[in-house]
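Novice: Given next are the chains, with one letter for each unit.
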Amino acid sequence: MNAPYIGQSIKRKEDQRFLTGGGTYTDDVSAVNQTHAYFLRSPHAHANIRSIRLDQARAAPGVVGIFTGADLAAAKVGTLPCGWLITDVNGQPMKEPPHPCLAQGKVRHVGDQVAVVIAETLNQAKDAAALIEVDYDVLPAVVNAADARKPGAAVLHDGVPDNTSYVWALGAKDAVDKAFATAKHVTTLEFINNRLIPNAIEPRAALAQYSRADDSYTVHVANQNPHVERLLMTAFVLGLPEHKVRVIAPDVGGGFGSKIFLYAEETVITWAAKQVNRPVKWVCERSDSFLADAHGRDHVTKAELALDKNGTFLAMRVQTTANLGAYLSTFASSVPTILYATLLAGQYTTPAIYCEVTAVFTNTVPVDAYRGAGRPEATYVVERLVETAAREMNISPAELRRKNSITQFPYQTPVALCYDTGNYEATLAQAMKLADVAGFEARRKQAADRGKLRGLGYSTYIEACGLAPSNIAGALGARAGLYEAGEVRFHPTGTVSVFTGSHSHGQGHETTFAQVVADKLGIPVENVDVVHGDTGRIPFGMGTYGSRSLAVGGSAIMKALDKIIAKGKKIAAHLLEASDTDIEFKDGVFSVPGTEKKKTIGEVAFAAYVPHNYPLDKLEPGLNEQAFYDPTNFTYPAGSHICEVEIDPDTGATKVINFTAVDDFGNVINPMIVEGQVHGGLAQGIGQALLEGCVYDAASGQLLTGSYMDYAMPRADDLPSFTVDTRVTACTHNPLGVKGCGEAGAIGSPAAVINAITDALGVKDIAMPATAQTVWRTLQSKSKKK
Amino acid sequence: MTVSVSLTVNGKAVTADIDPRTLLAQLLRENLHLTGTHIGCDTGQCGACTVHLNGRAVKACNLLAVQAHGANVTTIEGICGAHGELHPMQAAFREHHGLQCGFCTPGMVMNAIELAQKHPNANEATVRAELDGNLCRCTGYHNIVKAVLAGAADMSKSVNNSVKG
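Order-wise, the sequence lines are chains D and P. Those letters in the first sequence? Residues 1 to 786, by the working numbering. Those letters in the second sequence? Residues 1 to 165, by the working numbering.
Isolated chain P (complex conformation) (with noise of 0.2 angstroms):
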């Protein structure tokens, strides 16, 4: 048995056949081949599947795809600029070394995306508090910490540009 799943994924309409326990983890990686969004665990806790759902951080491992009928879903794949430039998160991650294997990146991203626009001014106890969702192997945090910060304070500066603008 199949079901219909539409959605609007990195601004664009999709629609994929599936099966019904299809998680919008598989189907973002399996179907629709954005293979950004990562699977680092089967319980919900590492985050590494973490996407922006209608706007909000949610774990796509966390959610039958069903349940993203007509959302507006954006993957690490989605965030770029129109000729490719990093986001301001993406740009200080890479700037702060705040990755090295890159498995938990593009979740650690997509959170700390949201977590800069929910505390334009956190400081580090918020960062590490906000990341507890997001497990990161490789770097002890530290790097990670220092990117959200300053990639945090990169985005509100191009808000105000914009807003200025």
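Looking at chain D on its own, in the form it has when it is part of the complex (with noise of 0.2 angstroms):
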């Protein structure tokens, strides 16, 4: 493979060792004398706790120590925090009702933790928590979102009597009530956004260990943002010194947001290293991440777009009640508002939105990102009200998004985004023709002659990655900094070493970060490394999500680049006898344009290492540098979905028979990566649309989906194969002109696959996951009505 590396498929620098069973998971690494913890969990939605009694636990076989809430509150360790702060419509920040480690007198969902058992063995572990007795005193439960507020509702905290944590407002709402009032059509409807699992294969687990030589602390944790972790978990919870606890994420299998937060079992078992002075190892069993991962979506939405008789979008009327669960995470109080009312614009010039967002608690596991986070939710409000309008108003879904489609760049958007640039068009043009949406109708009259029901449906999304700039995320009440650090360390002899705050957990970053850095320094890509994932090794960093790698990661390393560089022309001009404003550097080389003159980098680091020749009296030793790259803007990638479906009226089977998918998402730098990343986040949205779904018992609470045999992950044989490609427009703003995009299949293709059903079945609406009994139905009330 020869230069330049940015644009090929170069195959995946990590793929050697996750091939040949070499991957480094955190429950691979194990250390010497190490304990095994069990969290013991609440079998109830919602309950007081009367007494713990814990004698026949202790003396089991192999305990080496057991906690409770009890326990911490007597070690003063803290409550987990909430990243981002809402303010309300009236001013008020939102409730931020304590979020105990362990248990302190009551659980609040089907999981929440209340002891943890620390044995010798696991099995032993399990054995000693069943001989802990829990009285429970048991209270009525509220699982659903639109029941939260109901008078009489049951109430989960302290100080928020009425299960709301927030009712925030985006967008003008007297302009958006006059559009409405003199539009021509107005299409309205009202649904649920699936509560979601997200289901890294790889379950959380973490390592801790303390060392009393030093008062140190090592923890391994299946994490994609270790050094905010590290953060979150020191200064708020556990009162560390942060130089005193190193935190590593190594090999993560998935995350798609769950790993992003700082939960409960990690910093118990932290806390706990210390108090039994041994390693303490968790890995959860899959059952349990069912009840101890942040689930993601949950909206009740009620949407409305008002046109006029051309079909001109003249406002959009959004009311969303999000389920935060029983507890705030880590980032919770983000997702349905920052990250969701401000995608409403979607990629159309529609002049007024206004959307409000209520916040409830609920008898459930705690909601926050999962791919795409908010975001997805918009594109399907914005999507399904497009999709719909055109129906009713007997326009081409395409024609009636074209009509409506940003074309301007920059954009500025009625709730607060705007866009760089953009080509909607470019995207929704290819997708139709690798589609063939001109040879659809004869399709659906070949599938009708088979007794089968054909359906089409698009959608045209747009999405905000890269979570910038600091200062304006800070006025919106985001806690912490959104920028990324990286580092470049050049060896002596001509190898690099990357360092990166932005973390892999199967994105693929040592290969395409090696092959931007590669191309920049013009050296092969075998002798770039990337390290990420270590506290210990990185200067610091905020991780991976928000589909924010490249654009933000990438670029801080970029920056580094830079000033290798210009300090490299520093050395080349001293051993080339120049001034360092004459040399050039290209493809690896500094040189004098127009002499002979030329060094190349791999002995201008030498030089830097040895510097025998070398301007001391000017110049540091060394070529290391680091940076630090907060973005201006966040990046748009757009792009245009579109699915055909098939349905068989007889089952109500659901096949997915071709989907496209045409992004944007700026430059491209290994398309095969982009398109795996396609395809992944593919599978999760047409899973949501079809299959996946969380489902509570509303009366007790109990989650009835908490296995793989009671929920429906997209397997092999629910899906087809893609078809993708991509249309560049580069980013306007970062050095690599990258967008990202890791979350847009996700985001883009829910909305597609309910609009081909509802095409094929001839409904306004269905709800996901559109499984073969809700589509069979579906039918069976609609013959019903005729």
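Treat the hints as calculated values from the structure; they're not laboratory data. Hints are not guaranteed to be accurate.
[Stated by the list, open to error] Simulated restraints on C-beta separations:
#1 D/Asp449 x P/Asn121: 25 to 33 angstroms
#2 D/Asn613 x P/Gly84: 40 to 48 angstroms
#3 P/His83 x D/Glu441: 57 to 65 angstroms
Keep in mind the model is a prediction, meaning the values are calculated, not measured. We treat Cβ as the ideally placed atom computed from N, Cα and C, and that holds for glycine.
Hints given; two lone chains; assemble the complex.
Specialist: And the structure:
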């Protein structure tokens, strides 16, 4: 493989270890003399704890220690923090009830942590946990967002009598109401954006080690952002000095958002490692993951679109109730607000938008960011409304989209964002071509001849990635910065280590980032290694979420590379006896144009570390540079998804026949990896539309979909092969011109699938997941109405 | 109480004294330190722990270790060539980007090898049906299917070559 590497589908560096069983996931790391932790969880959705009896459990074989909420309270261990402050419509801060690491007198969802048992073996820990006697006073539970504010609903938290954390709004209500009053046509939809369970295939895990020798901790944890994990755990919960805690997130088996957050389990075992003075390992079992990993989505929404007689969008009005679960998870408050309402302009010139969000507590697992985080929910609102409006007004869905599409950039939306660039027509035209929309009616007819129903649905989405600038995010309530850090370390013999605060848990950064670095420095890609996931080795980092790694983390590396090259020019100028302003750097060579004078970057690096002939009076030895990059704007990936389904009316079974996605992610570094990201996102989005749905029993608050036998994960035979392509408008404000590709598939696809199914069935709406049973019932009730 | 179990793993005879409840997956990971076999669920649904037991792909979390007494077990660590060269199925996964986070990968590869042996001329529909017992959350299966088809073709080529040779 030869340079330039950018734009080539280079095979991944990380694959060798993953393919041979050589990966190092957290559960693969063991410490000498380690103990094993098991968490006793609440079997009830809502209960007061009258008493906990531990004597029998403590006497069980192999038990090293048992701790409850009382022990944490006595040790003044804090509660889990929320990283984003939302200010409500009355200017008041959101209600932020405490989120204890182990229950303090009350449990608020099935799976809430009650005690931790630490023993010599996992089996001994489980055996002992079975001997703990907890006397519960069971309380009524509320699980559905729509029920949380009803009079008489169970109240979860003291000081939050209506279970409401906040009512928040964005946009100009008066202007929107006025536009609706004069509109020729109003499309209205009411729906639920179904609750999902992320289900990274690697369950969460942690190994905490404490050293009395220097009062320090080392924590291995399956996490997407080890520096953030350390900051939150030390400063907000355990009160430990940050420099005494090293957090390592080694190979991580998928995240999709669910491994962003600071959870109780790793926090408790870190604290407990000092108490028992032994390493403590905890590995979540899948049945517990369903009860312990933050869930996603779960909105109840009424959405309206006002149009004039020609189909021009006049205004949009959205009312959403968002289910937060029992506690505010780390970024829970930002997801149904800042990451949701700001996306409601979509790709369109809708002049006035108003969105009101009521966020409620229920006796369910906390809800937080899951692939797309707010943006899939927003896209679902916009794209279901647009498609439905097109059908109601008898305009083709593509035509209605084109008519209202943004074509001039930069474009300031009425919901705070300013899109820097895009070409929405280009992705739509290409998607329609690849999906053979022109031939669809013939295929529909052929299907009808076979007794099958075919439907076609569009979704033209926008997303905002690379969450940005820190000061603006701060003004909106972020309690953290949103920059990224990077370091480029040139070794004396010409190879390079790159340290990034981004974290790869499947995205292939070790390859993509190396391509960028190798091209910029003009060295072979084999000579570049990328290091991530260790607070002990990397200067700082905000980690990986929101499709930010290349746009923000890659930009930090580019800044560090600029510094390397600037210093290299000074060294080369000395070696070549020229002025550094006369030095040109290209393809790994410093030269003086118009002369034969040149030095390779390897020679310059060697001189920097063996500075015998070196401007020591003016320049430090070494070639090692760090940079922090704080973006000036979000990036705005956008694209067009087209789904074609075929339904068997006898069974309701729905097959995705074709799914076409044409996306604009800005410049593409490694097309193979980008396509892979799209495929995975599409599977999760199609999963949401057709298969996945978290179900709680409304009366008892028991999770009914608590295993892979009950929660339908997409499997290989549920999905088609996909048709994906890209169109490029480069991002205008980061050095690589990249926008981010990790979430797009999950953002655009649910609406495309449901638009296709409703088209096939000839109905206005159908609930997600549109399982065979739901589709069949919809067909039955439709035929009864006739 | 412990019991003694003896079996052959990746060509080597091994013996371990274990708690009788120990699963084969736990024996491989904890006693033999073969951590390439992953555990992704506790209901036998995800397939990340798939290994070969006497030549058949099985979920190592669905067997007690004592049930493998006397058996011949091959894990992901045991399929490379003598000098670490990738098995054709491993190579196909790399070539076709059939893995992202890598966690489901060992189980996928082990299942895919058996699939290719059972169905040397498998088509896409067969591959998708046969992968039903292995969950992947990253790839959407698109590239896994491509990889398995290519890996199966390469495996039958090398079988034919070795027959000819």
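Novice: Does 40 to 48 angstroms hold as the CB distance between D/Asn613 and P/Gly84, or does it fail?
Specialist: holds, 43 angstroms
Novice: Is it true that P/His83 and D/Glu441 lie within 57 to 65 angstroms of each other by Cβ?
Specialist: holds, 58 angstroms
Novice: Does the Cβ-Cβ separation between D/Asp449 and P/Asn121 fall within 25 to 33 angstroms?
Specialist: Since D/Asp449 and P/Asn121 have Cβ atoms about 32 angstroms apart, the given range 25 to 33 angstroms holds.
In terms of the numbered hints stated before, the structure departs from none.
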